[in-house]
Every structure is written in structure tokens, then in C-alpha cells.
Amino acid sequence: MASSALRAPLSLRVLTKGFIIFWLILAAFPFIWTLWGSFKVELDFFSIADWTNALTGANTERTHGSPFTGAGYEGAWVQEEFWRSVINTFIVCFFVVCTSLTIGTLGGYALSRSGYRYTFWLLITALIFRAMPPITLVSGYLLPFFEWNVWGILPTTIIVLVAINQPFTLWMLHSFFQNIPKELDESAKVDGCTQFQAFRLVIVPVMWPGVITTGLFSFLLAYNDFAVTSMLLSESNRTMVPAIAAFLGTTQTEGNVMFAVAAVVSATAPLFVLVMFFQRQIVSGLTAGAVKG
Amino acid sequence: MKHRTFFWFFLPTGLAMLLFIAAPIVSVVIQSVTAQHEPVLITVETCTPFSCTEETTIDQEATRELREARPLGRFVGLDIYLDRGHLAVAEVAEAWRTSDSIGAFFSELGDLPFYRAIGFTLTYTFTVTPLLIILGMAIALAVNTLTQKLKGIVIFFSLLPMIVTPLVGSLIMFWMIDNRGVLGNFLSWLVNDPDLSVKASTPLMWIALIVYGVWHSAPFAFVVFYAGLQTLPEDQIEASQIDGATRWQQVRYIVVPHLMPLVTFVALIQLMDNFRVFEPIVGFNASAHATSLSWIIFNDMGGETRQLSAAAATSVLTILGVAILLSPVLVRTWRDFKGKM
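Heads up: the protein sequence lines correspond to chains G and D, in order.
Going by our numbering, the first sequence opens with residue 95, and the numbers climb by one from there.
Going by our numbering, the second sequence opens with residue 993, and the numbers climb by one from there.
No lab work stands behind these hints, which were simulated from the structure alone.
Be careful, since some hints might not be right.
For lysine to any residue, the following SDA-like pairs were computed, each having C-alpha atoms within a straight-line distance of at most 20 Å [as the list claims (entries may be wrong)]:
id, chain 1, residue 1, chain 2, residue 2
1, D, K1191, D, I1202
2, G, K283, G, F262
3, D, K1143, G, G343
4, D, K1191, G, M301
5, D, K1141, G, K283
6, D, K1141, G, I115
7, G, K283, D, F998
8, D, K1191, D, M1168
9, D, K1191, D, W1181
10, G, K283, D, K1330
11, D, K1143, G, F366
12, G, K276, G, M301
13, D, K1143, D, K1191
14, D, K1191, D, A1219
15, G, K283, D, F999
16, D, K994, G, G209
17, D, K1330, G, I222
18, D, K1191, D, S1279
Go ahead and model the full structure; you've got the sequences and the hints to work with.
Right under this line is the structure:
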């Protein structure tokens, strides 16, 4: 559509540009606003008198002597020990991603290379499991976990999140492995490799793009989960998201909402970096199922 | 691949799903038809020279023994499903008999927790899904006209609402629509009512939740449609241009039909995902105005009391709801599979 005769009329181009700007504001403004506001005092961020206070920081200047203050961050990270939750989150995410990729890769590879009918039924079962809201499973976990005394600790949550992650991981890696030509590992088998050797020596070196994409989504699932982590972790082992939810209960009474605002900004920052570096993989992962299926 | 090799490759992931997805489902179903044992009561007759009094007390020891001997509790059949907190059969029948109009009947239903939650969950699911598809399509069509360099930046910002943790995203929104927040201020200036509060009004809260839902999921639709636009049939577009099709006609008769399979895909995925709406209700602190099935489960399980049987019954009903929404996907996958055979 490069030829100038086909170019859109001016009004349409203006409309399109205007709509994109509108969408960009809609998508980005809440984040920028909250980031800016997290360096203010509550009276500025929640200003009944004059909303421009949130921009200028009039009350912040009166209290702290400068229009920006790290008081919210200090309160959240030091006073409320948010750093513990941050560490817990990264422990959980790291182990969830590693475990679910290891077992998911083996399973997804097997599903893509076996031509028998049961692979279809396994994939369908995985699809049904994927549609199950995780919270409906939680009441099934609680009793046995109490009974075995494994409730509230990180390893339990990690295993549960890995399992919940598997259906999605399997589907994604299955469709990814199907795009790697079968001839590669078959020729390795002809040369005398076992199936596992063929997988390790021939497939593993070429599988990383798909594995990284799948890993990103596993990470997001573990990082963003609220239903499972809030029900299965004890207070001292909380990850970030349930910790933020717990802040809400306490802050409203103590009047330090800004702790929660600071914690929310801290929890968003890693995701921001993630999108910046892995935008291409995220987009390809989202479209993989759609365009092919 | 041989059956044996397949088995060993699939074992770890299969075991994980069996133990932590399939077994919990069974456990949830069992829990939903059992309840904790009633305390064992003993009646002691104490006689004084003048009269005898009967006293009923809880036999703590026998109760504990019974609970330990059969930890699952006693079988109660469908009682939990039919009680006031769930399907509330008796209350519904009563409402049907006493209310003189359909409207009155539905407002009676709205007082029952399960039907209240179903009402919001379905409204949310079936308004958010079409709206996000329309918004996603519009963004995709608009972004497709940009230059390559701009596209990257726009896609970056577009991904943020979807990538962000749902609870965090809803909190960010909630603080902005607070009547002291920037959007809340703007809204009360717009309608010229300084006392306007989204938090206090049920319809406004529903709208806020739906707006959040569209904001959160539209990027997914956008990315999928945008990828679809890259494979547009150029020759058909050119042919239609030669035939004198207007821009709108090209979109209407070529682009949209080309993207139709993707629209179905997004709609099916989003129906399932929106049906489990939960975090926004916590984030918006909206449980006084809107509840969802997931929220009821969460609420029953939390706190001191941990009503696991009640939560389990709602879980089973939610799973049934998901199954209904999932059936078209399954039929579609089955047809695809048949086609490949």
C-alpha cells in the first residue's frame, strides 16, 4: 500500500493518529501517574483540595522540604520489610520457571514426536486443566497440606505453581517442537542414538528460542499469581502480591496508603524491564497459538 | 516414538498434573459432599432430692475421636449445594411463589450470594469480551498504518496493561478513581457533583470493573489481530480497490473475514479467562457491590473459619460453568484433529 494514490485521506490519518495517542495515554498514563505519585505524601497523591498538588507536590514540600520523597519506599521496604517478599517472589519464580521448563520440555517433546492417538487425549486433558481457574483447586489442597504439615512453605507453593503451569507449557512447547523437523532427530537415531540422546544432542541446541518464550510466560504466571500464593503461604513466607494485598488491610487503618503505592510500583518495575527486553518473544508467544491454531 | 520411551519422557509432567490438578479436583468434589461431624452430644441426668434435670453437653473427647477416626467428615449428599449459600433451592422456590412479577423475583434472587455472584460474573464476562475484541481490533488496524519504528514503541506501551499483575493493575486503577484521586476528581468535575464517589455506587463500580477488564485484556486481542494483519491477502485487497471498494468496504469485506478465525480464538480464550474474574474485585475493594464465583471461593477459604466444604461446592459449580464455556473449544480442537488424521 506504498503507492501515493492509495494513501489515506487526511481526515482518516488524523483520526488514526488521534486514536493511537488516545490508546497510548490509556495504556501508559496510569503507570506514569502512579510512579510519579509514589514519591509524594498521601495528601498530594490523594488530593481532595486541588488535583495539581499531585503534580507539584505542595504538601510533600511542606513535610519533607522537597517535592519528592522516598518515605513511601522506606516505609514499605524497611519498616514493613517488603524486601522479604521480594526475595520470596524471586525464589518462587526462579524455581517455578526452571522446574516447569525442564519437565515441560521433555513432555512437550514426547507429545510432538509420538503419533499415537493418546497424545491427542493428553493434550485435550491439558487444555481442560488450563481452563480450570486455579482458585477452584485450592480448597482441594488445603486439607492434605495441613494434614502433612507442608502448608505455608515455599517448596509446596513452587510445586503447585509448576503443576498449574504445566498444561500451558505443554501446549506451547508441543506446537514449538512440531516446527522442528522430525528428520533432525530421526537421522540421529539412524546413526545409533537413543531417543534421549537424540533429544539431548540434536534438539536441545536448537530449542532455546521456544523455551525462552515459554519460560517468560511461566515466569509471568508465577509472578502474577494471587489466588494460590495468598492461600498457600504463611505470613512470613509471603510473596509480593499477597504482601501487597495484606498491606491494604493494615494501611487503611494506619493511614499509610503510600507504603502500598510504593510496593505496587516496586512490583511493577521488574515487569517493565521484562517487556523492554523480551517484547519480541512475548508477542510471538501470544500469537503462536492463535495464528497456527 | 515407542510407548515405553514416551512414558518416561512424559512421566514427570504427567505426574505433576495428576497429583496437583487431577487429584485436587477429586478431593474438591469429595469435600463438597461431606461436612464436618456434628459435635457428639451427651445428655446427663442430674437428680437432686427434689427433681431431676436433663443437661445436654458436648462430649469433647468423643467428638475429637470421631473427627480423627473419619477426618473427611460425614456424607451429606447434595445438602451443601442446595443450601442458602449456593443454589438456595428453597429460597428460590419461595421467591418464585411470593413475588408477583419477574422483576421482583430477580431482585429477590439478587439477595442470594450465589446468584448475586453469577449475575456479576456473567455480566462481566459477556460485556468485557466483545468490548475488548472491538477495542483490540481498532488498535490493531490503527497501529498497522504506522511506520516500523513507531510500531515498536506503541506495542511496548500496549503490552503493559496486560503484562502487569492483575491485582497491581486494579489497585493502580482503583487509586485513580478514588474520589480523591485524579480520575475521581475529573469525574466529579465532569458531572459537577463534588460528592460523586465511584466506591459508593453499585452501577459505577460495575462500570469501573468492566473498564478495568477491557483495559487489561484488550492488548491480548490487539497483539493477536495485529499478527493476523501481517498475513492479509494483498491480491484480494488490490482487486477490491480496482473494483472501487472504499476503505470501509475493504475492512468490512476482506480484513474482518480474514481475521474471523482469530476473533473466534480470542473470544473463546477471553470468555474462559473473564469468567474467573477475581483480582479486580479484591483490588477495587468492591465486594459490597459486586462479587464473582472466584471471589466467593476465596472468601469462604480465607479468614479464621475456613469453610472448606462451602468453598468446594462453589468450586465444583464454577468448574461446571467453565466446562460449558469450554465445550465449543473442545469441539473445535476435535474437528481440527479429525481434519489432520
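Going down the list of hints, with the structure as the test:
Between K1191 of chain D and I1202 of chain D the CA atoms are separated by roughly 14 Å; this keeps the pair inside 20 Å, and the hint holds. With a C-alpha separation of about 29 Å, the suggested pair K283 of chain G and F262 of chain G falls outside the 20 Å cut-off, and the hint is violated. The hinted pair formed by K1143 of chain D and G343 of chain G fails the criterion: a straight-line CA distance of about 41 Å is larger than 20 Å. Between K1191 of chain D and M301 of chain G the alpha-carbon distance is near 49 Å, which puts this suggested pair outside the 20 Å criterion.
A threshold of 20 Å between alpha carbons decides the hint, and for K1141 of chain D with K283 of chain G the separation of about 45 Å lies outside it, so the pair is violated. Restraint check for K1141 of chain D and I115 of chain G: satisfied, since their Cα atoms lie roughly 15 Å apart, inside the 20 Å limit. Using a Cα cut-off of 20 Å, the hinted pair K283 of chain G and F998 of chain D holds, with the two alpha carbons roughly 15 Å apart. Pair hint K1191 of chain D plus M1168 of chain D holds up; C-alpha atoms about 12 Å apart against a cutoff of 20 Å.
A C-alpha spacing of about 16 Å is found between K1191 of chain D and W1181 of chain D, which places the hinted pair at or below 20 Å, so the restraint holds. Between K283 of chain G and K1330 of chain D, the direct Cα distance comes to roughly 30 Å. Violation of the 20 Å bound is thereby established for this hinted pair. Between K1143 of chain D and F366 of chain G, the direct Cα distance comes to roughly 18 Å. Compliance with the 20 Å bound is thereby established for this hinted pair. Taking the CA atoms of K276 of chain G and M301 of chain G, the gap is near 13 Å; set against the 20 Å cutoff, the hint holds.
At roughly 37 Å between alpha-carbon atoms, K1143 of chain D and K1191 of chain D are farther apart than 20 Å, so this suggested pair is violated. Under the criterion of a C-alpha separation no larger than 20 Å, the hint pairing K1191 of chain D with A1219 of chain D is inconsistent with the structure, at around 38 Å. For the proposed pair K283 of chain G and F999 of chain D, the alpha carbon gap of about 18 Å is at most 20 Å, so the pair holds. Taking the CA atoms of K994 of chain D and G209 of chain G, the gap is near 10 Å; set against the 20 Å cutoff, the hint holds.
This hinted pair checks out: K1330 of chain D and I222 of chain G have alpha carbons roughly 19 Å apart, not beyond 20 Å. About 11 Å separates the Cα atoms of K1191 of chain D and S1279 of chain D, which keeps this hinted pair within 20 Å; it holds.
The structure shown violates the earlier hints numbered 2, 3, 4, 5, 10, 13, 14.
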